[in-house]
Amino acid sequence: MLNNKTILITGGTGSFGKQFTRTILERYQPKKVIIYSRDELKQFEMAQTYNAPQMRYFIGDVRDQARLMQAMDGVDYVIHAAALKHVPVAEYNPMECIKTNIYGAENVIHAALAANVEKVIALSTDKAASPINLYGATKLASDKLFVAANNMVGNRPTRFAVVRYGNVVGSRGSVIPFFQRLLNSGATELPITDERMTRFWITLQQGVDFVIRNFERMQGGEIFVPKIPSATVLELAKVMAPHLPTKVIGIRPGEKLHEVMCPVDDSRLTLEFHDHFVIQPSIAFTTRPDYANNGCGEHGEPVADGFEYSSGTNPDVLDEAGLKALVQLGLGTEQ
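Its first residue numbered 1, the sequence shown is counted upward by one per residue in UniProt numbering.
None of these hints come from the bench; they were simulated from the model. Among these hints, one or two may not hold up.
To be verified - When the alpha-carbon atoms are kept at most 20 Å apart in a straight line, the in silico EDC-like pairs for lysine to aspartate or glutamate are as follows:
hint: 1; residue 1: Lys227; residue 2: Asp305
hint: 2; residue 1: Lys144; residue 2: Asp265
hint: 3; residue 1: Lys247; residue 2: Glu189
hint: 4; residue 1: Lys5; residue 2: Asp73
hint: 5; residue 1: Lys5; residue 2: Asp39
hint: 6; residue 1: Lys324; residue 2: Glu195
hint: 7; residue 1: Lys238; residue 2: Glu195
hint: 8; residue 1: Lys227; residue 2: Glu308
hint: 9; residue 1: Lys324; residue 2: Glu189
hint: 10; residue 1: Lys32; residue 2: Glu45
hint: 11; residue 1: Lys227; residue 2: Glu272
hint: 12; residue 1: Lys247; residue 2: Glu195
hint: 13; residue 1: Lys31; residue 2: Asp73
hint: 14; residue 1: Lys247; residue 2: Glu235
hint: 15; residue 1: Lys247; residue 2: Asp194
Construct the complete structure from the given sequences, taking the supplied hints into account.
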């Protein structure tokens with residue numbers, strides 16, 4: 001599917017971009033892989049490892065629509081991974097978060113339409129579902145923009161979809177490397193925001209594989225949600241440091257006790273497939289695809305009225321062995 005295709009990744013020097021690049025270079029023969037980001041040092045460092053003939057590195061910001069249009073010329077597929085993601089930083093710098101996450105999303109959409117890009121997938125977050133912090137609110141707005149963009153395509157081939165998932169094990173700023181750094185520095189306790197707090201967990205490779213598969217599945221307008229396990233942060237701390245006590249420090253501004261990926265208010269729009277959910281668009285399209293039957297020949301069924309996919313009620317809960325494997329993955333993939 002990705003053979004002889006030109007793929008552009010916004011925010012491509014991040015954890016996802018590196019893993020995605022590694023994966024497609026190993027599995028496919030892409031025509032070009034374009035890394036679009038604003039940090040020249042990160043691009044220089046990434047180019048030391050990812051230096052295949054197909055690689056291209058473009059300095060640019062998603063806030064700059066003209067530069068995006070230049071970068072997307074001749075591009076087949078786009079993954080929009082660029083975002084300001086740190087919850088407290090977004091609370092203290094709201095307009096910067098809005099400029100990147102909302103205005104940047106709109107710029108990506110218009111550049112993709114101008115370049116007749118075939119398919120665009122925007123990466124989202126569980127925090128976009130019933131958001132209580134600014135980061136989540138901007139990503140919800142971004143999701144809405146990408147879904148609605150399918151009504152702007154006219155006769156163009158371009159289609160837009162969204163992929164939403166939870167905490168990525170081992171990504172920059174995630175809790176496992178954070179705990180490990182505390183342990184390495186001789187910590188006598190581990191900080192826990194709340195003993196009841198649960199989170200969804202997905203590995204970097206699972207996230208990459210899910211996105212690749214959804215390029216095949218997508219018809220335009222879907223929000224794809226993977227079925228992934230949950231665990232409490234307290235149990236994670238116990239697995240990493242069974243000999244140390246934990247200290248409850250309280251939930252930070254903008255944090256939830258449990259994360260949600262399919263809100264109850266979207267249950268009437270949600271379809272369940274064997275390994276994922278699809279939230280259908282709430283708005284009308286001129287031509288509406290049959291979302292219950294995707295591009296891979298998979299079939300989905302409507303969920304029950306009032307269904308909610310929450311980390312607090314998720315039946316797939318990691319046991320001790322699963323958490324130990326999670327820790328090993330998290331410590332081995334930090335980037």
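Results of checking the hints against the structure:
For the given pair, lysine 227 sits about 19 Å from aspartate 305 by alpha-carbon distance, which is consistent with the 20 Å threshold. Distance hint between lysine 144 and aspartate 265 is fulfilled; the C-alpha atoms sit about 15 Å from each other, no more than 20 Å. Between lysine 247 and glutamate 189 the CA atoms are separated by roughly 7 Å; this keeps the pair inside 20 Å, and the hint holds. Only pairs whose Cα atoms come within 20 Å are accepted, and lysine 5 paired with aspartate 73 is accepted, the gap being roughly 13 Å.
A C-alpha spacing of about 25 Å is found between lysine 5 and aspartate 39, which places the hinted pair above 20 Å, so the restraint is violated. Of the pairs offered as hints, the one joining lysine 324 and glutamate 195 holds, with about 19 Å between alpha carbons and a cut-off of 20 Å not exceeded. Between the alpha carbons of lysine 238 and glutamate 195 the distance comes to roughly 11 Å, so the proposed pair stays at or under 20 Å and holds. With a CA separation close to 13 Å, the supplied pair lysine 227 and glutamate 308 stays within the 20 Å bound.
The straight-line distance between the Cα atoms of lysine 324 and glutamate 189 is roughly 19 Å, inside the 20 Å bound, and the hint therefore holds. Distance restraint check for lysine 32 and glutamate 45: the Cα-Cα separation of roughly 19 Å lies within the 20 Å cut-off, and the hinted pair is therefore satisfied. Only pairs whose Cα atoms come within 20 Å are accepted, and lysine 227 paired with glutamate 272 is accepted, the gap being roughly 10 Å. For the suggested pair lysine 247 and glutamate 195, the alpha carbons sit about 9 Å apart, so the restraint of at most 20 Å is met.
The hinted pair formed by lysine 31 and aspartate 73 meets the criterion: a straight-line CA distance of about 13 Å does not exceed 20 Å. A distance of roughly 13 Å separates the Cα atoms of lysine 247 and glutamate 235; the hinted pair therefore holds under the 20 Å criterion. With a C-alpha separation of about 9 Å, the suggested pairing of lysine 247 with aspartate 194 holds against the 20 Å cut-off.
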